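Enquirer: Read off the chains here:
2 protein chains.
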Amino acid sequence: MAVTPSSDLLAQLRWRYATKQFDPARPVAPATWAALEEALVLTPSSYGLQPYRFVVVTDAALKARLRPVSWNQAQITDCSHLVVFTILKGMGLPHVDRFTDRIAAVRQVPRDSLAGYRSFMVRDLVDGPRAAIIDEWATRQAYIALGNFMTAAAQLGVDTCPLEGIEPGRYDEILGLTTHATVVACAAGHRAAGDKYAALPKVRFAASELIDHR
Amino acid sequence: MAVTPSSDLLAQLRWRYATKQFDPARPVAPATWAALEEALVLTPSSYGLQPYRFVVVTDAALKARLRPVSWNQAQITDCSHLVVFTILKGMGLPHVDRFTDRIAAVRQVPRDSLAGYRSFMVRDLVDGPRAAIIDEWATRQAYIALGNFMTAAAQLGVDTCPLEGIEPGRYDEILGLTTHATVVACAAGHRAAGDKYAALPKVRFAASELIDHR
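Residue numbers (the working numbering), protein chains in the order written: chain C, 1146 to 1359; chain B, 1146 to 1359.
Please note that the accuracy of each hint is not assured.
Repeated chains share a single entry, so a pair holds when one copy, or any two copies, can fit it.
List time: in silico EDC-like cross-link candidates among lysine to aspartate or glutamate, alpha-carbon distance up to 20 Å [as the list claims (entries may be wrong)]: (1) Lys1165 <-> Glu1318; (2) Lys1347 <-> Asp1223; (3) Lys1347 <-> Glu1182; (4) Lys1208 <-> Asp1168; (5) Lys1208 <-> Asp1246; (6) Lys1347 <-> Asp1242; (7) Lys1165 <-> Glu1183.
No wet-lab data here; the hints were simulated from the structure. Note that the structure is a prediction, hence the values are computed from the model and not measured.
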């Protein structure tokens, strides 16, 4: 496997910023976008359960309907692709079973050989302590995907802007979601030449405040 | 900025897996680790507020104390670096002000010029709707960092294993945390040659189930 030079990785992460102005005339190239969708699919999740679905919006009319329920942020309509991160609501046994079936199929092992792993998931997430916060557990997994997505995009030279300032319930209505619920969105595209935020120094607390070595 | 070929990015993300066996004799090289710490610092967060601290544990005795409160998982003691993701508890005005001061210092702008941005953060997070879930909001930011970290590590050829199966309250006691609270951990290092999980096909639902194009 080709390893990325750490100087490249850090240059890409420094280049990334929460893009305020996307250039609507510069969509993400199809091959690049396909790679980013695959990166989303490859996101790590708890037990591998993938309790989410990524709604990718490119239709201009749909983006126009989402903008007023997104604090009217221009990134919604100016971006190339809007990714809406949604979670499977109330994940329970049916999803665990569907996932167990999927493991058996992909790895070509008998379903019975996975009984222990299935029980482990059930005891933790369905019958166990995390059942009470299952939607929040799923939301955290979606945020891993968001982190992975923004980093992967920066590596491919694609700009992003995470959008927590949205009305999730209205998103669900507009997108017609029933089994899933919106938790956060992220606009992707290419920055407009005039976005003054691109050139501002990135603000971080000192590393000595953020990292505690033991 | 050097862009990573998408084939490299995808190969790295496919190479990544939740490492079960780390080789305790192969620590992460210091320069590589320094880059990963910088990647953590560069993580995007809501408003840029960075409501977290990353505790990096390398001390063998401390790792040995954490293992029993981590479902006794061997990754805790075998890994090179254990990152404990902690959130600032009850983030409020003092942190918003500290961050506003930091913006003023880094960007060399008058504090007054940031009054609007500060009010915006306060109305949302301190006086507004997210105040009631502020610790969960902070946890989600920490999960962005976790996603960023695992992806960045894979790009540098460093193995990771996210660990939700830990006892956060016991972590807080053992690490002596008072202002911060543990939310998740991630072991980093290099996989042992004998880890049979490394070669298993990765299990994902079909892209058509995970991605919904609109």
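Enquirer: Which of the listed hints are not met by the structure?
Expert: When the structure is compared with the hints, numbers 1, 2, 5, 7 turn out to be violated.
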